[in-house]
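Q: These protein sequence lines are chains A and B, in that order. Count along the first sequence from 1, add 13, and you get the number used in the working numbering. To convert, note that position 283 of the second sequence is 273 in the working numbering; the numbers rise steadily by one, no gaps.
Since the hints were made in silico from the structure, they are not lab data. C-beta: ideal position from N, C-alpha, C; glycine also. Some clues are possibly wrong.
[Claimed, not checked] Partner residues are not named here, just some residues of chain B that face chain A (Cβ under 8 Å, in silico):
#1 Lys139
#2 Glu159
#3 Val299
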Amino acid sequence: MVALLVRLKLTLLRNSLRRSVWRTVGLVIGGLYALGLVGGALAGLVGLRYTSLATTADVTVLAYAALTAGWLVFSLLVFGVDETVDPAKFALLPVRARELQPGLLLAAAIGVPGVATGLLGLGLLVAWTRSVPLTLAALVAVPLGLVTCLLLARSATAAFSAFLSSRRFRDLAFVALALVGAALGIAGNLLGSLGRLAPDQLRGLLSGAAQVAAWTPFGWAWALPADLARGRWGAGAVHLLLALALVAGLWRAWGHFLAARLVEPVEGGGEATTVHRSGWIERLYPVSPAGGVAARTLRYWRRDPRYLAGVAGFLIAPVVVMLVSLTDPEGHPWMAVLAPALMSMLVGSSVAQDLSYDGSAVWAHISAGVDGASDRLGRVLSTLTVYLPLLAVLLGAAFLLTGRWDLLGPAVGLTLVLTLGGLGVGAFVGSLWQWPAPPPGSSPFQKGSSGGLPVLLSFFVTMAATVLVALPTLALAVASFWLPWAGWVALPVGLASGLLALRLGITHGGRLLDRRWPEVLSAVSERVG
Amino acid sequence: MVEDQPSSARTSHICHITAGSHRPSRGDVPAGGPLNRCPEDHGTPPGGSRPPTGARGGRARELDGSVTVFTEPMTSALSLIGLTKSFGAKRAVDGLHLEVRRGCMFGLVGPNGAGKTTTLSMATGLLRPDAGTARVLDHDVWSDPAAAKALMGVLPDGVRLFDRLSGRELLRYVGLLRRVPPADIELRSGELLEALGLREDGDTLVVEYSAGMTKKIGLACALIHAPRLLVLDEPFEAVDPVSGEGIRSILRGYARSGGTVVLSSHVMELVESLCDELAVVARGQVLAAGTVDAVRAGSTLQQRFLDLVGFQADTSEGLAWLRSSSASS
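Just chain B, with the same shape it has in the complex (with noise of 0.2 Å):
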């Protein structure tokens, strides 16, 4: 949960040697890198589910309409005021401020142990936050937790799952513990075992997924109960292309309906495509927030993001070494 940076520093004195077993370590780019770089590749689906960002307002004006019919319209669903939380001296999150609206598809983006995992932790109620407040729809997370958590579904990176349940199995016990109706729970996770392709490994053992598998099925756990609130953390990290794809029509679709959905990641061009709205963390602290338009500010995303994180391309004198032996071998 809370080992966002610290795992490359505790490991770093081992990394020599940990680079031969196999695992894929969280913090690196995923796999879905190259499925977030070349979107078009895989066709545009029909019915315009990704709009060019142009029309991204339309919809929002459209979502706003079709919000107020069962919502007041002013409140937001996730507000988090003034979060802080520290592990021993280091501060991991201070004094963050964040506000999406509702029917939002809400990106949260940036460096690696930039505090976005101890952020959406302390949002979910999964980490006591030294300082601070987290509302979802009104409901503290903190001193009203069962309303808050009753409207969120959550999809934490790098916690276990009950992996020696089946994932048809755990997608049932997800349900009970929600108090979800059995017959609703069954009609619901075969559509979302359908929807997500994992009908053929729905009574496999969770323990046996594959890493992408196993994001879907943590998905599929988070969507069961039909929440208001989506908190995703990483949720395409090691998904392939094909299934990718379906996670992003589920999660349009869902937005279209009126739900909001806050993702964390640290591919820009998936924040870019998929996102109305996101916010640029580094060092515990929201840099820039606002449409995906405002704070590219007529630059690239990657390029903005660069610039607000303080990253300087100044390899031309550094690595010399490198060149050389890559020139003479």
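So that you can see chain A by itself, here it is in the shape it has in the complex (with noise of 0.2 Å):
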């Protein structure tokens, strides 16, 4: 059975990457991204031997109890990460939950994830072969906090699924994962700022951090050698057995858990949402198919997480620009009034995967025979609705905050050029390529990487081409820091290019689209090969 669910498991996997590709561009630049953070951590290991001995232990306690958490917070997000070998699918087989238990454990390790994390307990045994005691309890505690991160994952999953696979709390994670994401890049910047401190107070710090962590379950089988090598010998026993404790309980609750799913697989829905009948959405735009495009893709960035995500994010960048430049007494003002400007960057991203965001259920406009210039606007109606009151808002707090109203020609100027261009240039892009996108409400995981390259392609050439749209503007307001008077030739400046560069993003990009509507049906079904 061990050998049917893993030989399955790596089946699965290999005809995913046959189907695409995208998907094997997907997995070796994740493998490789998994490859590079895994050769930086080994490198570390292998540099801790060179410290101390409590060094070593408080260092390693910390971050292997992070990556036990971390299995199980993202196990619970991303549900789906491992679901190509999803329980429920044997529930017509006359299996037993034990029969399958042993299987789909190792099954679960097979994937980039579980490779890294295998890689890393071998880096840790490297990190603690410095006395045979230390070797010894580094080869119990290795297998026994592997085995936890992968059953801390399995049983979570298992447990919540019926929850898990709700639409609601798929929306939900969606937008959860997305912030995780933004605020994992921020962490990095704080953590940053604790260079600052001084040596002492830092290993003070960790010693501290790295105490509470042994103690949390996830850090029970990490911490056996760190006791050991501190020659606490009573607390590494009582680790040891809570640690086989937590495996054994785990096993246990995982087991029971997955008899339950074999019995009564759990499917997706059955909750009725009903929606209120809202008109003042379509009275915002005029009666015909681009008012009626701009009405259902404002509904969809209520209704779809997809699109919720991605004002999320959007909005992180900005804010903790503008929060970091105002309450820092050495920042620069004059960075919380253009940050607005940062995020308008970003707006015309937005518009570039609409289609790929909306599937195959752009039928209804290729059959309904709506011109591509129509479909452009609407999309760029309702994405200014959405974000242009944020940007006013963005904007207002800024100057209020800062007063600095000598930068509000090259400022409003700027992010007036940056999203209005940008919607152009998002407009035209998103005609030129689409891709499969997963369907809303699915996890972002759940379909491999599909979607994950051409996704970044779009990301960073819209980019590219509404800087580039915005050069003149941007000129004008770097010459304003000598010049005051270019500021302000800098607003009509980038009203009047935004401008043109939207009015011939919606054209070219809806001719575009008359000419190839069929393909780009095609290019955003699922198909094979």
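Work from the hints to combine the two standalone chains into their complex.
A: This is the structure we're talking about:
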């Protein structure tokens, strides 16, 4: 059974790669990225061998407890990260949960995260091979810790599967995940500022955090060699017992939930959401195909988690930049004023992926004979409806808080050209190429990394072209640091060049769509090959 | 759109596992099956909307008369000439010819992977053919798409809808895309929801509809602009018997008033009882076409279909183990 399940997982993986080149490319990039991270970590672990035992103990316990907690959190948020071998699919077969467990556990380890974690485990062994007792302790602790990671993820997803597969949760998790991703980036910046602390302060903080981590369930297994290194045999014994009990308990719990799921496979849906008949959205826009598209996409901004995640992700960067530059006494207030422009640079990419987000549902546009320009215009209108008020609020707040009204010209000019020009560029890029995106409500990771690379490509092309459009305004804004009048010229120049780019993007993007609507449909539909 | 037949081949390596997921798979004999097998159970509606096959000719004559009132009589509603489409090495549709006259209820039948969905996609402007032309009421779908599409109502199979809209919002959306005046949209969507038994669910998100309800809202979307030609891919799949009868009477009334319906199905009984004419499609070509009586040629349609497609009911030798195991256990 074990070999069968592992082979099944490998077959599924191979077939999914065979289905699309993009997936292979995505896996290779993901693998290289993970390899880079793991390589860095391994170098660090080898380096730890040249530090004191106490430092090694603190660093490893903290890092590996965080790794274990990461398995729990990400498996819950990214439900479906490893649902290629979904237990519910075994419901029709005469198998018991107990027979499936070992194979499923091993199958869960196959994949980029599993392999990376395994390598990190080996690295920990290397870090602890300093004496015979420590090596032995690490030999016990590492497998225990790795199994804990896998079991935590499996049992948590099995326990909450009913809840996790509900549409509401998936929508929520999608937004949460986008926020976690953005927050991780900011946390990196904050960690950098820890470097300003004195070394012994830092050292104290580290050992305190490690102490706490060692007594959370995430750290029990990993703390074993650290205890021995400090000569605390008693604590080590307790940690070992706790870790063993945790693995045994998780195994039993997982078996229980798995058995329940085999009898009662979880199906999504069931809840019926009724919507208010809100006419105001329709009254915002003209009665025309373009107005219809605008009203529909505006509703999607609210109901489709992918759009919500987009807004949240776009908002985070400028808000953080504003907060940091406002609270930091040595900061530059002009950065706060220009932060909204930073956000408007991203707006265009949202229109660029709109068609892919629609998926095969876009057949309705094609069979209704909607002209490309109306489609483009509608999407631009709804995006403006969402972002213009946000940008206005951000800009207003920035000026009120900093009082740098002298920068009004360049800041507003830049924001306008980047928003309008970006939308124009996005409207064109969006009709230029599309990809099959996972449908709304499905986990973003469920379909592998399908769409990963085209998404990035479209994002960067849109952004680069947007900056090109904004170059004249940007030059004027920079010049305004020496020649204040240039800033006031930047305002009309930004507005005019933005509107021009918007117009060109809508008409040319529309013409492109009129020529290749059927090709768009096959590009956004999931296909074989 | 284009994955009618590859879907079975693609999933075959995991089908013993995926059997547990309760998704109804397209291409199975649908839940509409029982409905179509015993239509008499539901009683024949008054007004004789299910005429015996002999009476069909009379209805067709009457139809031809009414059609002449507002159009020139000789043009076809749908005319496919030499349509060809290949996916990689596989030729899904191979020089297909088809004529559907106006006011006709036309059935397209064929086994899984025969190229029905691909053909209808090319006829409706959703898939570009490698060769051949498609004309709708004298407008070429691929050189004059706007005019052709304005006359057509389409229900494709196996594509998503904008399912984060409620049924009512979706109808309004499609109406706006097709430039229907808002007052008409309001009126028609109310009547359509009522007629299809979706009034209660008009404000529920389409993503939470069942498979049959999704089919019905799709049909409503195809009807909202009062098209002259309806192209429906598997319109009865997963639809319950009651709604199925509702859809049939809508379609019959539509055809009686001069509209043309082209629908695909692989349920022979349905086509036999509903359609005036049909075409049997297999391996991307039309094997037989004409009135139902002409195609079945004295036999049952089911038998004629099996003969045409080349199926030998020769399982007496095979699967012996299956019988012995069921006998022993």
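Q: Confirm or reject each hint.
A: Hints and how they fare:
With 8 Å as the threshold, the beta carbon of B:Lys139 comes within range of chain A, its nearest partner Cβ sitting at about 4 Å, so the hint holds. Annotation: interface hint on B:Glu159 holds; nearest CB of chain A at approximately 7 Å, less than 8 Å. The interface hint given for B:Val299 is broken, as the beta carbon of that residue sits about 24 Å from the closest beta carbon of chain A, more than 8 Å.
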